[in-house]
Amino acid sequence: MSDASFISERNEAGNAGLDAAYAKQGEARPADYLALLKPRVMSLVVFTGLVGLVLAPGHLHPTLAITALLCIAIGAGASGAINMWYDADIDAVMARTQGRPIPQGLVTPDEALGFGCVLSVASVIVMGLAVNWVAAAILALTIGFYVFIYTMWLKRRTPQNIVIGGAAGAFPPMIGWAAVTGDLSLLPILLFAIIFMWTPPHFWALALYRSDDYARAGVPMLPVVAGERETRRQIMIYSLLLVPLTLSPWFLGLVGPLYGVGAAVLGAFFLVLAFRIWRGTGDRAAKHMFAYSILYLFLLFALLLAEHGLGLGA
Amino acid sequence: MTAMPHSDEHKRRKARNIALAVVLFALVALFYFITIAKMTGVHPS
Chain A
1 MSDASFISER NEAGNAGLDA AYAKQGEARP ADYLALLKPR VMSLVVFTGL VGLVLAPGHL
61 HPTLAITALL CIAIGAGASG AINMWYDADI DAVMARTQGR PIPQGLVTPD EALGFGCVLS
121 VASVIVMGLA VNWVAAAILA LTIGFYVFIY TMWLKRRTPQ NIVIGGAAGA FPPMIGWAAV
181 TGDLSLLPIL LFAIIFMWTP PHFWALALYR SDDYARAGVP MLPVVAGERE TRRQIMIYSL
241 LLVPLTLSPW FLGLVGPLYG VGAAVLGAFF LVLAFRIWRG TGDRAAKHMF AYSILYLFLL
301 FALLLAEHGL GLGA
Chain B
1001 MTAMPHSDEH KRRKARNIAL AVVLFALVAL FYFITIAKMT GVHPS
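Chains as they are written, first to last, in the working numbering: chain A, 1 to 314; chain B, 1001 to 1045.
Pulled out of the complex, with its shape left as it was, chain A reads as follows:
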């Protein structure tokens, strides 16, 4: 199947489902608006932002640090709400996303768009006024990248969608760092690169066992366009690039041995899972990889936090 067959068409089945769902307008609870912010994604984003903020040299008043994290959380969530507005048609036909507030008819697309836009602008302005405008600019870039580059441009056009679009999820450590220092240096850029390189194996593992869902929705994820075998090979390649990259902050003397040894052990297990996907068939290894990849990223950043807290950093 060529990429062209997917390009930028609204999903008609999804649109029909949405029309039926809007009969339930006005039934939104506060929890439905919260769901628009993708709280599970938000939690990992906030955590990586926190690590950037803690590792940065210098001091930020605790109130302003909390404000910075709040702005990262709200900004990330707001871009998720705009994503749900734009992707409502494909969310309605995918099993994984059918329960979201818009396909359920609990929140109208216009409400989600307004909610997302107001929170996006507010998070950037508050970050700029309360913390600094460098952090605010990177936050604005993050929101813009996720909404315009990933959601509107890449997602329905190319199997490289989550490779390039992954940058949006990789910015938070840079925002956290910039909130303290007002600029950037090598370590936050490496943290960005780690999340950027982690994103493809993470999402392709999911796409391997959800490929029918993506195909039905017309999203050209790699398994749909290039097949399972190529996807398994790409997961292995990206994993081989990712693990040395996670060790680079240690090799460059930017962090200490606790992180270095921990990242090596965690990375070895990541490679084992990637190898099992590459050489195997079926969904089991992919499901293990998807679940472990979330834990992996969390533990990598937790190691940085622990090392800094224990005073063992470089």
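Keep in mind the hints are simulated off the structure, nothing from the lab. Only a predicted model underlies this, so the values are computations on that prediction, with no experimental measurement involved. Watch out, some of these pointers could steer you wrong.
Here are the simulated DMTMM-like pairs of lysine to aspartate or glutamate, each with C-alpha atoms no more than 25 Å apart in a straight line [said to hold, decoys possible]:
{"hint": "1", "chain 1": "B", "residue 1": "LYS1038", "chain 2": "A", "residue 2": "ASP183"}
{"hint": "2", "chain 1": "B", "residue 1": "LYS1011", "chain 2": "A", "residue 2": "GLU27"}
{"hint": "3", "chain 1": "B", "residue 1": "LYS1014", "chain 2": "A", "residue 2": "GLU111"}
{"hint": "4", "chain 1": "A", "residue 1": "LYS38", "chain 2": "A", "residue 2": "ASP212"}
{"hint": "5", "chain 1": "B", "residue 1": "LYS1014", "chain 2": "A", "residue 2": "ASP212"}
{"hint": "6", "chain 1": "B", "residue 1": "LYS1011", "chain 2": "A", "residue 2": "ASP110"}
Go by the hints and put chain B onto chain A.
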């Protein structure tokens, strides 16, 4: 006089209004503490 039982829609609207009030008060508190921090605290120049 007996009060009319609240419909499900009323309950949802009430929950939304309470949530909005909580968010507004939280914002007031946040801006207050930001102001105090900016007046007294350390932040990057």
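**Prompt:** In ascending order, which of the hints set out earlier in this document are inconsistent with the structure?
**Reply:** Checked against the structure, the only hint that fails is number 5, while the rest are satisfied.
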